[in-house]
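J.: From first to last, the protein sequence lines stand for chains A and B. FYI, this note's numbering numbers position 383 of the first sequence as 387, with every residue one higher than the one before it. FYI, this note's numbering numbers position 143 of the second sequence as 147, with every residue one higher than the one before it.
Where chains are identical, the list cannot tell them apart; a pair therefore holds if satisfied intra-copy or between any two copies.
Here are the simulated DSS-like cross-link-like pairs (lysine-lysine), alpha carbons at most 30 Å apart as the crow flies:
#: 1; residue 1: 131; residue 2: 64
#: 2; residue 1: 355; residue 2: 195
#: 3; residue 1: 131; residue 2: 114
#: 4; residue 1: 114; residue 2: 290
#: 5; residue 1: 317; residue 2: 290
#: 6; residue 1: 131; residue 2: 290
#: 7; residue 1: 146; residue 2: 290
#: 8; residue 1: 121; residue 2: 146
#: 9; residue 1: 64; residue 2: 49
Bear in mind the hints are in silico, worked out from the structure with no lab data behind them.
Number of protein chains: 2
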Amino acid sequence: MSIIVCKFGGTSLANPERVLRAARRLVDYRQAGHEVVAVVSAMGKTTDDLVALAEAVSPKPPLREMDMLLATGEQQSMAVMAMAIQGLGQRAVSMTGRQAGIITTAAYSKAQIDQIKCERVTDALAKDEIVIVAGFQGVTRKGDITTLGRGGSDTTAVALAAALHADLCEIYSDVDGVYTADPRKVPRAHKLERLSYKEMLEIAAAGSGVLALRAVEFARRYQVPVSCRSAFNDNPGTIISAYKEDPMEQAVVSSVTYDNSEAKITIRDVPDNVGIAAQVFSAIAKVGANVDMIVQNVSEDGHTDMSFTTPIKELDLIEPVLKAQVKALGAREYGIDRDIAKISIIGAGMKANPGVAAKMFKVLADNGVNIGMISTSAIRVSVTVRSENIERALTSLHTAFGLDADEEYEETQLTAAELAAKAQKGR
Amino acid sequence: MSIIVCKFGGTSLANPERVLRAARRLVDYRQAGHEVVAVVSAMGKTTDDLVALAEAVSPKPPLREMDMLLATGEQQSMAVMAMAIQGLGQRAVSMTGRQAGIITTAAYSKAQIDQIKCERVTDALAKDEIVIVAGFQGVTRKGDITTLGRGGSDTTAVALAAALHADLCEIYSDVDGVYTADPRKVPRAHKLERLSYKEMLEIAAAGSGVLALRAVEFARRYQVPVSCRSAFNDNPGTIISAYKEDPMEQAVVSSVTYDNSEAKITIRDVPDNVGIAAQVFSAIAKVGANVDMIVQNVSEDGHTDMSFTTPIKELDLIEPVLKAQVKALGAREYGIDRDIAKISIIGAGMKANPGVAAKMFKVLADNGVNIGMISTSAIRVSVTVRSENIERALTSLHTAFGLDADEEYEETQLTAAELAAKAQKGR
Numbered sequence: 005m006s007i008i009v010c011k012f013g014g015t016s017l018a019n020p021e022r023v024l025r026a027a028r029r030l031v032d033y034r035q036a037g038h039e040v041v042a043v044v045s046a047m048g049k050t051t052d053d054l055v056a057l058a059e060a061v062s063p064k065p066p067l068r069e070m071d072m073l074l075a076t077g078e079q080q081s082m083a084v085m086a087m088a089i090q091g092l093g094q095r096a097v098s099m100t101g102r103q104a105g106i107i108t109t110a111a112y113s114k115a116q117i118d119q120i121k122c123e124r125v126t127d128a129l130a131k132d133e134i135v136i137v138a139g140f141q142g143v144t145r146k147g148d149i150t151t152l153g154r155g156g157s158d159t160t161a162v163a164l165a166a167a168l169h170a171d172l173c174e175i176y177s178d179v180d181g182v183y184t185a186d187p188r189k190v191p192r193a194h195k196l197e198r199l200s201y202k203e204m205l206e207i208a209a210a211g212s213g214v215l216a217l218r219a220v221e222f223a224r225r226y227q228v229p230v231s232c233r234s235a236f237n238d239n240p241g242t243i244i245s246a247y248k249e250d251p252m253e254q255a256v257v258s259s260v261t262y263d264n265s266e267a268k269i270t271i272r273d274v275p276d277n278v279g280i281a282a283q284v285f286s287a288i289a290k291v292g293a294n295v296d297m298i299v300q301n302v303s304e305d306g307h308t309d310m311s312f313t314t315p316i317k318e319l320d321l322i323e324p325v326l327k328a329q330v331k332a333l334g335a336r337e338y339g340i341d342r343d344i345a346k347i348s349i350i351g352a353g354m355k356a357n358p359g360v361a362a363k364m365f366k367v368l369a370d371n372g373v374n375i376g377m378i379s380t381s382a383i384r385v386s387v388t389v390r391s392e393n394i395e396r397a398l399t400s401l402h403t404a405f406g407l408d409a410d411e412e413y414e415e416t417q418l419t420a421a422e423l424a425a426k427a428q429k430g431r
Numbered sequence: 005m006s007i008i009v010c011k012f013g014g015t016s017l018a019n020p021e022r023v024l025r026a027a028r029r030l031v032d033y034r035q036a037g038h039e040v041v042a043v044v045s046a047m048g049k050t051t052d053d054l055v056a057l058a059e060a061v062s063p064k065p066p067l068r069e070m071d072m073l074l075a076t077g078e079q080q081s082m083a084v085m086a087m088a089i090q091g092l093g094q095r096a097v098s099m100t101g102r103q104a105g106i107i108t109t110a111a112y113s114k115a116q117i118d119q120i121k122c123e124r125v126t127d128a129l130a131k132d133e134i135v136i137v138a139g140f141q142g143v144t145r146k147g148d149i150t151t152l153g154r155g156g157s158d159t160t161a162v163a164l165a166a167a168l169h170a171d172l173c174e175i176y177s178d179v180d181g182v183y184t185a186d187p188r189k190v191p192r193a194h195k196l197e198r199l200s201y202k203e204m205l206e207i208a209a210a211g212s213g214v215l216a217l218r219a220v221e222f223a224r225r226y227q228v229p230v231s232c233r234s235a236f237n238d239n240p241g242t243i244i245s246a247y248k249e250d251p252m253e254q255a256v257v258s259s260v261t262y263d264n265s266e267a268k269i270t271i272r273d274v275p276d277n278v279g280i281a282a283q284v285f286s287a288i289a290k291v292g293a294n295v296d297m298i299v300q301n302v303s304e305d306g307h308t309d310m311s312f313t314t315p316i317k318e319l320d321l322i323e324p325v326l327k328a329q330v331k332a333l334g335a336r337e338y339g340i341d342r343d344i345a346k347i348s349i350i351g352a353g354m355k356a357n358p359g360v361a362a363k364m365f366k367v368l369a370d371n372g373v374n375i376g377m378i379s380t381s382a383i384r385v386s387v388t389v390r391s392e393n394i395e396r397a398l399t400s401l402h403t404a405f406g407l408d409a410d411e412e413y414e415e416t417q418l419t420a421a422e423l424a425a426k427a428q429k430g431r
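Chain A extracted, bound-state conformation (with noise of 0.2 Å):
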């Protein structure tokens, strides 16, 4: 007997049918005798319709009822879910954050788990109950309710996992798993089996939407092994654990990716001075924006152009500080450059393969693909391109290191209609 935790995105949940599928996996987990625990995303898009509904009454709606609104979607899923369970004749209860005791930090909107008191879990778990944990929220120690923010019911799964000491963390999406690349933009892209959290942390942060970074530094802090799976299907997932990698059998690369949700920020003409580079960062950071690669060039006149991304929907916050800088630096303008997309290579065998960047280059420099800024780390290296050639780089890199797989990636979602026939067989 084994503990296991299963989170179901809002994709895995947005109608009746779907809830009925999660629920009877969730039943089949507790006949096959072990304890159950399910974490529960906002069913669809109801989140989007509460952000609408917010923005309808105010501009700019106060955090802390923010939180409040938004926290709704997903004690209304928990429910939702634990009587999906009941109606399946297995017993279960429902918990927000709260119950669950998700103690959270008072920062409202992005709240980070403080500790988890999971008493009220063990019991439930100990009284033959499958328990349903609403994601995404927890509540302070003076008992306002928070959210975790962006990738915040992945993050309640690990750390749940975690506290629990649970054998597996389950992450369900509409994905199979991580793919060596988006199949939807290089149909040879096959899905890994396994990925150390190193890499998987890599891969997060470089923009792939399967598993959110912060659950993936949960998981590898507290040495949670991690399936991504289908919700829709039975496919085997990609494990994300502390495997040892070999040399001998690892690919150099195991995963190509991108990300167009950033722009590019140029300032040109800075007078090249001793702490500019710690001023212009130290103003955005002061604001809460967050800052991707940074590139600095200084030419010969003392002068020098300074460059970095940053998520798109994160400039508003960022132009005022763009201007106040020009103008304090003595530089001569900024640009904002939309168009951009961030290319990445991962894998932990790039370690000890030297030449691998030298070799992406070259991949795309041969297919026409020109580059413009480079960054790395110990086993990644990203380059940003124009977002024209985001399919061009991602396949020819795919081929070069030898990622394609025999057949074309096919679609394996079912649609409602699939999925019903397949409930009314009985399963």
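Using the hints provided, position chain B relative to the given structure of chain A.
T.: Frame of chain A, contents of chain B only:
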């Protein structure tokens, strides 16, 4: 400076414009120097949508989970209202039933308020905040979320007003107040300026939807002055308080009501033995069904017909009991008549005026309306009539008891467009 509790029903919050309208009213009160607490229902048809969702995953949703689900409706309302108020520049904070200290029994779907620990509400009021409390919900001492059942939000408002020693509890809905009769049925109905708790109790019990019976009972017990008024205009509403009736000025009858939500059940040819009625109604009470008017006539041959009314939507609960009881009692059969309505006249003045019931029966007879069952209290006489006679009965009684207004009732509810226009003018 005084404390005012304002309750807004679902229709008054059905869309963002209406939420903003209600928010402006609360801000006006605060700026006039009052301490303001708002109790909100779920927006528009939210609760109906949630019930439909539950029924889509489970034929008979468990009550604990149903309460968990339904409580999100009010939580959304309160968050959105707090956002709207803050958007208007006033401080505001929303509270769930739990946060507002509303402790209830664990009777899911129909919990009773046990205690209100309103320190957090008073603390917030002291910090110049308008406090928005989710209606209809509470929490058990063990931390489970409950709902209060029918009329729950009205009850939350009156109970909070009692706990806070508020000076006034305002119940906002889509009607102007309590009328002498339903103005959609009796065009010459007029609004009552004030009513005693006792009269309002009878009016609420006789089927008027303006204020929930439970809330009136609470108001009476704790002597909370209540005002029923419209969220869509600034007309004064009806004040319900402990005022002493002056028989010289008091009309004999203050209100004529109808209720067509009940069916009449008749058990025929019941042997007239001791304890029969007790047996039947104990069995019905056991399944949790409500019984209203009860009439029994003993015939000469030692058999009797026993009739009573019950909400049509509880017939499913009652029918199995009836079948068993007919058999157990040796009665002939039972019949159900859904096509009836209860007509009541209510007024504190009738205590001092004998012959009011007789006059009622004569007026109905003169107007060709046949009477079925009869039941009376000190300040109410109710009869059942055929459904098709509702309007004829109401209108003739309204005229005969001197309640007709000089002018016909005019609908004063604003459309969304009118509200928006008014809102744009700045109000």
